[in-house]
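Kindly generate the complete structure, drawing on both the sequences and the hints.
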Amino acid sequence: MGGPDWMKGAPHPISKILVANRGEIACRIFRSCAELGLGSVAIYSEADRGSLHQQTADESVFLPGDNLAETYLNIEAILSAAEETGADAIHPGYGFLSERSSFANAVKEAGLVWIGPSAYAIDEMGDKISARRAMVTAGVPVIPGEELPLEKPDEMVDELVRAATRVGYPLLLKASAGGGGKGMRVVREPRNLQREYAAASREAVTSFGDGTVYVERLLEKSRHIEVQVLSDTLGNAVHLFERECSIQRRHQKVVEESPSPVLNEATRQRMGEAAVNAAKAVDYEGAGTVEFLLAEDGDFHFLEMNTRLQVEHPITECISGVDLVVEQIRVAAGLPLPFAQADLSIRGHAIEVRIYAEDPANSFLPAIGPLAMFRPPTGPGIRLDTGVREGDEASIDFDPMLAKLIVHAPEREAAIRRMKRACEDFVLLGVTTNLGFLCDIMSHPAYHAGETTTDFIDVNWPEGWDSQSSDVVPFVAAAAEHYGLSRKAMAVESDGGRGSPFNPFLTLRRSFP
Amino acid sequence: MVDIRDKQGRQWQITIGSSEATCDGQNISNEHTFEIDARPNRMWVDGQLAHVIKVGDDWWVHLDGSIHVVSIDEQGAGGSGEDDGMTAPMPGKILEILCNIGDHVESGQTLIVMEAMKMEHRIAANDPGVVVEIHHQVGEQVDAGATLIDIEDSEESN
Chain F
1436 MGGPDWMKGA PHPISKILVA NRGEIACRIF RSCAELGLGS VAIYSEADRG SLHQQTADES
1496 VFLPGDNLAE TYLNIEAILS AAEETGADAI HPGYGFLSER SSFANAVKEA GLVWIGPSAY
1556 AIDEMGDKIS ARRAMVTAGV PVIPGEELPL EKPDEMVDEL VRAATRVGYP LLLKASAGGG
1616 GKGMRVVREP RNLQREYAAA SREAVTSFGD GTVYVERLLE KSRHIEVQVL SDTLGNAVHL
1676 FERECSIQRR HQKVVEESPS PVLNEATRQR MGEAAVNAAK AVDYEGAGTV EFLLAEDGDF
1736 HFLEMNTRLQ VEHPITECIS GVDLVVEQIR VAAGLPLPFA QADLSIRGHA IEVRIYAEDP
1796 ANSFLPAIGP LAMFRPPTGP GIRLDTGVRE GDEASIDFDP MLAKLIVHAP EREAAIRRMK
1856 RACEDFVLLG VTTNLGFLCD IMSHPAYHAG ETTTDFIDVN WPEGWDSQSS DVVPFVAAAA
1916 EHYGLSRKAM AVESDGGRGS PFNPFLTLRR SFP
Chain W
384 MVDIRDKQGR QWQITIGSSE ATCDGQNISN EHTFEIDARP NRMWVDGQLA HVIKVGDDWW
444 VHLDGSIHVV SIDEQGAGGS GEDDGMTAPM PGKILEILCN IGDHVESGQT LIVMEAMKME
504 HRIAANDPGV VVEIHHQVGE QVDAGATLID IEDSEESN
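As you go down the protein sequences, you meet chains F and W in turn.
Taking our numbering, the leading residue of the first sequence gets 1436, the next gets one more, and so forth.
Taking our numbering, the leading residue of the second sequence gets 384, the next gets one more, and so forth.
Heads up, a few of these hints could be off.
[Claimed, not checked] Footprint (simulated), chain F over chain W, 3 or more residues, beta carbon under 8 Å: (1) 404-415; (2) 428-437; (3) 470-476.
[Unchecked claim] List time: in silico SDA-like cross-link candidates among lysine to any residue, alpha-carbon distance up to 25 Å: (4) F/K1451 with F/I1510; (5) W/K476 with F/D1832; (6) W/K476 with W/R425; (7) F/K1855 with W/A527; (8) F/K1451 with F/G1769; (9) F/K1656 with F/G1899; (10) F/K1715 with F/E1731; (11) F/K1855 with F/M1836; (12) W/K390 with F/F1809; (13) F/K1855 with W/W427; (14) W/K390 with F/G1899; (15) W/K476 with F/Y1555; (16) F/K1855 with W/G491; (17) W/K476 with F/R1684; (18) W/K390 with F/L1503; (19) W/K476 with W/E457; (20) W/K476 with F/G1644; (21) W/K476 with F/D1501; (22) W/K476 with F/F1833; (23) W/K476 with F/D1827; (24) F/K1855 with F/R1818; (25) F/K1543 with F/D1440; (26) F/K1656 with F/G1644; (27) W/K390 with F/E1859; (28) F/K1443 with F/I1510; (29) F/K1855 with W/D510; (30) W/K390 with F/Y1918; (31) W/K476 with F/R1630; (32) W/K476 with F/K1715; (33) W/K476 with F/K1543; (34) W/K476 with F/G1769; (35) F/K1715 with F/H1736; (36) W/K476 with F/R1484; (37) W/K476 with F/L1503; (38) W/K476 with W/L446; (39) W/K390 with F/R1684; (40) W/K390 with W/V525.
Since the hints were made in silico from the structure, they are not lab data.
Since the structure is predicted, the reported quantities are computational estimates derived from the model, not experimental observations.
In this text, a Cβ means the ideal position worked out from N, Cα and C, and glycines have one as well.
As structure tokens, then:
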């Protein structure tokens, strides 16, 4: 007990971490645990039995139940899993319980170390309305909007219409407790207001248990830029520069990069300072992200603060050389940050793309299927964060993100070329993904020019995206069919995929297994 | 001979070992060369490495930096013309049904709201017509491709 040697003398020593999450982020945290000499515990539901995250951890605890409330959102079950395995700290990852102050409190009350900010900071920043107010007080500019807690649609219709008129169209309806594009709706015309409000509110209730929605002006042609901050429990806080996350579909990020291709040094400085001030205003502890919208005229507006590790944190790790998960753990243990702002600098350029099981040629609708072949690219400056491997399934049970592909290179053009090559080299067969679309983004002159506004996809593919047709592939398939060129497990499922019993290829495989 | 349908809906008839093939009934030449090595799921196509795998009736192909999928058409199967049913574009749950049997609907009108991956998706009519059948109820889980609603062409409007 007491943790590894480097943990000696820490006010809250940690020896074994339970990750209250799944998928790629759980795997990513387990890897840091292994490198730090810490034990690790996974929790998993029935759908995740045998998953990579379950198998990456030292130990795992099964959570029965067939919905999230009984499994990954079940605070009681998670705490007993920690007790059962002797875990002395809990890392929430992102999503699920990561931004629930009740969970942070429950973890602490159970006598465990919570790897995240205080419940106070989560509440203050987690509610978009109170966060807005806090930023106004701190002197950080916010987007024009109406902070109306519209709880009951029937009674609030008139109020909603009036607020929408004051804010102006196009506008954005946002769940107060929201994030990740859920509970968020764009309204371009007044006649769609009530319908979209009902949908946003319903999504908010389903996803966050809180149907409160607020109205905000939609700033088009703007850029989504966020600043990574890191604070310890001793009053030290730094920022780790920005991430540009403008390329989105359905308000979910698709491509992120750091540094931003447009930010000048002065704005970077101002944004970084604003982010550190925002963190200090709520006595923030650990890793957090302050999101800004950068308007065309160079003004920036506070969007929200995410009180957790972000999906796109690896690009910051690439350019800063700081392992954010390691720092989160050190801060939670009560150790000071090992560097000051002056020690930090931007090294090179990093890009992350999110590989989704979805059909970009069909409105980005989610796709399902087996990961029949999953051969990630390799080479210098390439990192893949994923919770799946060949043979797994993309199912409807969870978010369709399969993997994050990250590249790091000395400068932006080299990083783009590296990412294009990496996307092209990725052999991912059996389920439709956005890989081809990502390749096209990496080849697009507008991307090279750094014109990465939030409407990038709509502007550059107004008619939607379609894959290139091929006049060779039908011949490849015919030859593959003719020679029975499919592997055992997959061929069993399919009729006639094995080829003739006299196929020399099959015989060859039998002779030389 | 192998019958293949690609994503663009083109029908190919290809016989490996023959120098001719057809695409949508047009004769085209087959000048591709294939080399098979001892590894499963890969082959050389005109000197380039391709990864291939079959899932169900689909061949997935990674060739020259891009991924494609084409389907083997089993003889006799398929080939039925476009029906007027609306199908689920992805697996998910029916959240709302916004039409009734007998309703006259316009193209683009939202008829069903589905939920998949925690997001709501609106399913709109492709063509105007009259709703003659609703196959599912609110709360039901449906598979991708499941027929949701049958729409019959309304009398030819002028």
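Okay, the hints, checked on the actual structure:
no.: 1; hint: 404-415; verdict: holds (count 4)
no.: 2; hint: 428-437; verdict: holds (count 7)
no.: 3; hint: 470-476; verdict: holds (count 4)
no.: 4; hint: F/K1451 with F/I1510; verdict: holds (18 Å)
no.: 5; hint: W/K476 with F/D1832; verdict: holds (12 Å)
no.: 6; hint: W/K476 with W/R425; verdict: violated (38 Å)
no.: 7; hint: F/K1855 with W/A527; verdict: violated (31 Å)
no.: 8; hint: F/K1451 with F/G1769; verdict: holds (16 Å)
no.: 9; hint: F/K1656 with F/G1899; verdict: holds (18 Å)
no.: 10; hint: F/K1715 with F/E1731; verdict: violated (28 Å)
no.: 11; hint: F/K1855 with F/M1836; verdict: holds (19 Å)
no.: 12; hint: W/K390 with F/F1809; verdict: holds (22 Å)
no.: 13; hint: F/K1855 with W/W427; verdict: holds (23 Å)
no.: 14; hint: W/K390 with F/G1899; verdict: holds (16 Å)
no.: 15; hint: W/K476 with F/Y1555; verdict: violated (36 Å)
no.: 16; hint: F/K1855 with W/G491; verdict: violated (36 Å)
no.: 17; hint: W/K476 with F/R1684; verdict: holds (22 Å)
no.: 18; hint: W/K390 with F/L1503; verdict: violated (36 Å)
no.: 19; hint: W/K476 with W/E457; verdict: violated (31 Å)
no.: 20; hint: W/K476 with F/G1644; verdict: holds (19 Å)
no.: 21; hint: W/K476 with F/D1501; verdict: holds (15 Å)
no.: 22; hint: W/K476 with F/F1833; verdict: holds (14 Å)
no.: 23; hint: W/K476 with F/D1827; verdict: holds (23 Å)
no.: 24; hint: F/K1855 with F/R1818; verdict: holds (14 Å)
no.: 25; hint: F/K1543 with F/D1440; verdict: holds (24 Å)
no.: 26; hint: F/K1656 with F/G1644; verdict: violated (32 Å)
no.: 27; hint: W/K390 with F/E1859; verdict: holds (20 Å)
no.: 28; hint: F/K1443 with F/I1510; verdict: violated (30 Å)
no.: 29; hint: F/K1855 with W/D510; verdict: violated (39 Å)
no.: 30; hint: W/K390 with F/Y1918; verdict: holds (23 Å)
no.: 31; hint: W/K476 with F/R1630; verdict: holds (19 Å)
no.: 32; hint: W/K476 with F/K1715; verdict: violated (43 Å)
no.: 33; hint: W/K476 with F/K1543; verdict: violated (38 Å)
no.: 34; hint: W/K476 with F/G1769; verdict: violated (46 Å)
no.: 35; hint: F/K1715 with F/H1736; verdict: holds (18 Å)
no.: 36; hint: W/K476 with F/R1484; verdict: holds (23 Å)
no.: 37; hint: W/K476 with F/L1503; verdict: holds (16 Å)
no.: 38; hint: W/K476 with W/L446; verdict: violated (36 Å)
no.: 39; hint: W/K390 with F/R1684; verdict: holds (23 Å)
no.: 40; hint: W/K390 with W/V525; verdict: holds (23 Å)
Checked against the numbered hints listed earlier, the structure breaks hints 6, 7, 10, 15, 16, 18, 19, 26, 28, 29, 32, 33, 34, 38; every other hint is satisfied.
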